[in-house]
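The lines below spell out each chain.
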Amino acid sequence: MNLFKRYLGVRQQPEADLIAIASEGEGEPKGAFWRRFRKHKLAVAGLFVIGIMAVCAIFAPWIAPYHPSAITDSFGEGPTWSHLLGTDQVGRDVLSRIIFAARVSLSVGIGSVLISAIIGAVLGLISGYFGGWIDGVIMRITDMFMSFPYIMLILVVSSIVGPGLKNIILILGLLGWPGVARLVRGSVLSIKQTEYIKASVALGYKTPRILFNHILPNATAPLLIYATSGVAGAILDEAALSFLGLGVQPPTASWGNMLASAQSLTVLTDKPWLWVAPGVMIVLCVLSINFIGDALRDAMDPKNRK
Amino acid sequence: MSEAITRSAPSQTPLLVLDQLKKYYPIRKGLLNRTAEYVKAVDGVSLNIVPGETLGLVGESGCGKSTIGRSIVGLERPTDGRILFEGADISKLSGSEMIKLHSEVQIVFQDPYSSLNPRKTIGSLLAEAVKVHRVVPSDKVVSEVDRLLDIVGLPKTSKSRYPHEFSGGQRQRIGIARALALKPKLIVCDEPVSALDVSIQAQVLNLLKQLQKEFNLTYLFIAHGLGAVRYISDRIAVMYLGKVVEIGPTKELFRNPKHPYTRALLDSYPIANPHLRDRERIVLEGDVPSPVNPPSGCRFHTRCPMAQAKCREEEPLLVGEGDHASACWFSH
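The listed protein sequences derive, respectively, from chains A and B. Counting in this note's numbering, the first sequence runs from 1 upward without gaps. Counting in this note's numbering, the second sequence runs from 1 upward without gaps.
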């Protein structure tokens, strides 16, 4: 009991801390996010690659040497100076098609993940935070969605609503959220027990503020990882759907349907330029996005001082 | 209940009255999730806190002291009983009324490492509290945050920093600044120094004392160690298994503990002077009984060295002379 009397002399606490803080220098600099991001060399490369792809997609009409569905005078020829990546059997320039296809693939990837991330995050937040019967209802719906074979469901839905870019984005987006919801709910369950959330409640913050301003930022790490792998997955799903003929319809080019149209044995063995280029683009894009996701997760954590 | 209510120290109108507060947590069992039993965390506690005083609440882990604190700030809904703040029952408020209450009653948590959002800078943390409750006009928010940091003795440069960049004591002061942001009347301090080094504990306690004088604050100070409580409290309530067993002015309670449990708590504190160590001590054995099935009669009888047959059968009430009361058959 006398312990505290002994420390009565320590009344000048502020000074002691001023020194301690001053010696640490300035607070978190504005560029800290970038500094942490830059530590991932692969992510910087990935950002560069995705940047080029995005520029190509946006400015496709000015960058592509030919119109993507224009028929030129060479048919199924390998790379030449006038057709850097050769031409397909119909006589269309492969490079131009790849550039235009970036539009389709990137918008499918990013668009569908945005939809599923938003739906999943909101449902996961609500489910995890409120618990009880709300949680039960949302999670049973999630279970229902998850118990269908994914590709089967996509095939059925896309054959009903019909193929097309917009439909593909919606289908992939509306079917992709259960995983996100599960993931977010899991982190919310642990975050809502923390004292800083209790403190927010005690401070009288309204529930939406607590959910989106306090819980969500702490649940972004798993969400980001999921979203980036989701972008990659959506691009691959679109490729798979196109391969099966239910994706983006020809003559519109997507990396997936370019691969699909190169599936005959003679093309596979004799005309590799028709499938190597779109394949490489898919791989590059998926890898880059995954690397960026890793770096984002680390960069967004203020505790990360590497 | 009335005998405890009259037990408030000075004859002022109390700021906070707990009237037979009960909080039971259901234990659900079986396939149908039927409620089989209840954990009686708080089982009929009546307390008064008058403006400007510090009431210390002590007891072992699990005796329900934190539950009381959380009920007062609205983090728990009491199962039964009333919580009167300035005469109005706050235990059954609706959402929006609750939000208004929050600017009057605030809480400082035990663990300074988990009580600050790791993704927010100290500046935005404090500014948010100020902005949400419109404590000051929006153009004065920045200077208000500076003022809050200054009050708790942190430099203005802390604003752009994240919680992990601070030490435990500094974080606890940020927690105190956040509680002060709403200009509350009552602050529930839920073991605010238990997680800190002893030297830092003294700093934080002194800060709390100084703030109390400056802003005329009222504290409910929850702790499991008597040292900090003795230093800061005007009155102390000792809890055991969800009930208050003794309450009285700090000096009086330390000089003349009436309840054997209080005596045991005092005796369990190490004594620096070796010559004073030979006195008779009550040393408790065994664990606290389960709050699911608390012992009959006096809840302490299973561990009490003075227990008699009467203790097993009848429950003693909290009675005493003046403002010092205890719930024991043999203390009067």
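The set of hints was computed from the structure by calculation and includes no laboratory data. Using N, Cα and C, we set each Cβ at its ideal position, and we do this for glycine too. Possibly wrong hints are sitting among the right ones.
[What the hints assert, rightly or not] Listed below are the simulated SDA-like cross-link pairs for lysine to any residue, each with C-alpha atoms no more than 25 Å apart in a straight line:
1) B:120 <-> A:42
2) B:183 <-> A:42
3) B:140 <-> B:113
4) B:209 <-> B:119
5) B:120 <-> A:220
6) B:183 <-> B:76
7) A:206 <-> B:113
8) B:156 <-> B:132
9) A:198 <-> B:38
10) A:303 <-> A:69
11) B:120 <-> B:91
12) A:39 <-> B:76
13) A:206 <-> B:186
[Unchecked claim] The calculated label-pair distances, taken between Cβ atoms and stated as ranges, are:
14) A:34 <-> B:36: 51 to 59 Å
15) A:186 <-> B:33: 18 to 26 Å
16) B:13 <-> A:145: 57 to 65 Å
17) B:164 <-> A:145: 35 to 43 Å
18) A:212 <-> B:308: 37 to 45 Å
19) A:212 <-> B:146: 37 to 45 Å
20) A:209 <-> B:317: 54 to 62 Å
21) B:293 <-> A:143: 34 to 42 Å
22) A:225 <-> B:296: 27 to 35 Å
23) A:209 <-> B:312: 46 to 54 Å
24) B:36 <-> A:149: 17 to 25 Å
[Said to hold, decoys possible] Here are a few chain A residues that sit away from chain B, every Cβ distance over 12 Å (derived from the structure):
25) 32
26) 58
27) 194
28) 225
29) 271
30) 275
31) 294
32) 301
Hint-by-hint comparison with the structure:
This hinted pair does not check out: residue 120 of chain B and residue 42 of chain A have alpha carbons roughly 28 Å apart, beyond 25 Å. Using a Cα cut-off of 25 Å, the hinted pair residue 183 of chain B and residue 42 of chain A is violated, with the two alpha carbons roughly 50 Å apart. Taking the CA atoms of residue 140 of chain B and residue 113 of chain B, the gap is about 29 Å. The hint is violated against a cut of 25 Å. Proposed proximity of residue 209 of chain B and residue 119 of chain B is contradicted: the alpha carbons are some 30 Å apart, above 25 Å.
The hinted pair formed by residue 120 of chain B and residue 220 of chain A meets the criterion: a straight-line CA distance of about 14 Å does not exceed 25 Å. Taken as a hint, the residue 183 of chain B and residue 76 of chain B pair is honoured in the structure, with Cα atoms around 22 Å apart against an allowance of 25 Å. At most 25 Å may separate the alpha-carbon atoms for a hinted pair to count; residue 206 of chain A and residue 113 of chain B meet this at roughly 24 Å. As the CA atoms of residue 156 of chain B and residue 132 of chain B are separated by approximately 21 Å, the hinted pair is consistent with the 25 Å bound.
With a C-alpha separation of about 23 Å, the suggested pair residue 198 of chain A and residue 38 of chain B falls inside the 25 Å cut-off, and the hint holds. The suggested pairing of residue 303 of chain A with residue 69 of chain A is violated, with an alpha-carbon distance near 51 Å, which exceeds 25 Å. Distance hint between residue 120 of chain B and residue 91 of chain B is unfulfilled; the C-alpha atoms sit about 31 Å from each other, more than 25 Å. Under the criterion of a C-alpha separation no larger than 25 Å, the hint pairing residue 39 of chain A with residue 76 of chain B is inconsistent with the structure, at around 45 Å.
About 21 Å separates the Cα atoms of residue 206 of chain A and residue 186 of chain B, which keeps this hinted pair within 25 Å; it holds. Between residue 34 of chain A and residue 36 of chain B the beta carbons are some 56 Å apart, a value that agrees with the proposed interval 51 to 59 Å. In this structure, residue 186 of chain A and residue 33 of chain B meet the distance hint of 18 to 26 Å, their C-beta atoms being roughly 22 Å apart. Checking the proposed 57 to 65 Å range against residue 13 of chain B and residue 145 of chain A shows it holds: the Cβ atoms sit about 58 Å from each other.
For the pair residue 164 of chain B and residue 145 of chain A, the beta carbons lie near 38 Å from each other, so the given range of 35 to 43 Å is met. Hint check: residue 212 of chain A to residue 308 of chain B, Cβ distance near 60 Å, so the stated range 37 to 45 Å is violated. Separated by about 27 Å at the C-beta atoms, residue 212 of chain A and residue 146 of chain B break the suggested range of 37 to 45 Å. The hint said 54 to 62 Å for the Cβ distance between residue 209 of chain A and residue 317 of chain B, and at roughly 45 Å that hint is violated.
Residue 293 of chain B and residue 143 of chain A have their C-beta atoms about 38 Å apart, which keeps the hinted 34 to 42 Å range intact. Taking 27 to 35 Å as the suggested C-beta distance range, the pair residue 225 of chain A and residue 296 of chain B does not conform, at roughly 55 Å. Residue 209 of chain A and residue 312 of chain B have their C-beta atoms about 52 Å apart, which keeps the hinted 46 to 54 Å range intact. At roughly 41 Å, the beta-carbon separation of residue 36 of chain B and residue 149 of chain A lies outside the given 17 to 25 Å, and the hint is violated.
Non-interface call for residue 32 of chain A relative to chain B: violated, since the shortest CB-CB distance, roughly 10 Å, does not exceed 12 Å. With a closest Cβ-Cβ approach of about 33 Å to chain B, residue 58 of chain A is found to remain outside the 12 Å limit, as its non-interface label requires. Separation of residue 194 of chain A from chain B is inadequate, the least Cβ-Cβ distance of about 5 Å not exceeding the 12 Å criterion. Residue 225 of chain A, annotated as away from the interface, keeps every beta carbon of chain B farther than 12 Å; the closest lies near 17 Å.
Non-interface status of residue 271 of chain A relative to chain B is upheld: no Cβ of that chain comes within 12 Å, the nearest being about 52 Å off. Every C-beta of chain B lies more than 12 Å from that of residue 275 of chain A, the closest at about 45 Å, which supports listing it as non-interface. With a least beta-carbon separation of about 19 Å from chain B, residue 294 of chain A lies farther than 12 Å from that chain, consistent with its non-interface assignment. Not every C-beta of chain B lies more than 12 Å from that of residue 301 of chain A, the closest at about 8 Å, which undercuts listing it as non-interface.
Violated hints, in rising order: 1, 2, 3, 4, 10, 11, 12, 18, 19, 20, 22, 24, 25, 27 and 32; the structure is consistent with all others.
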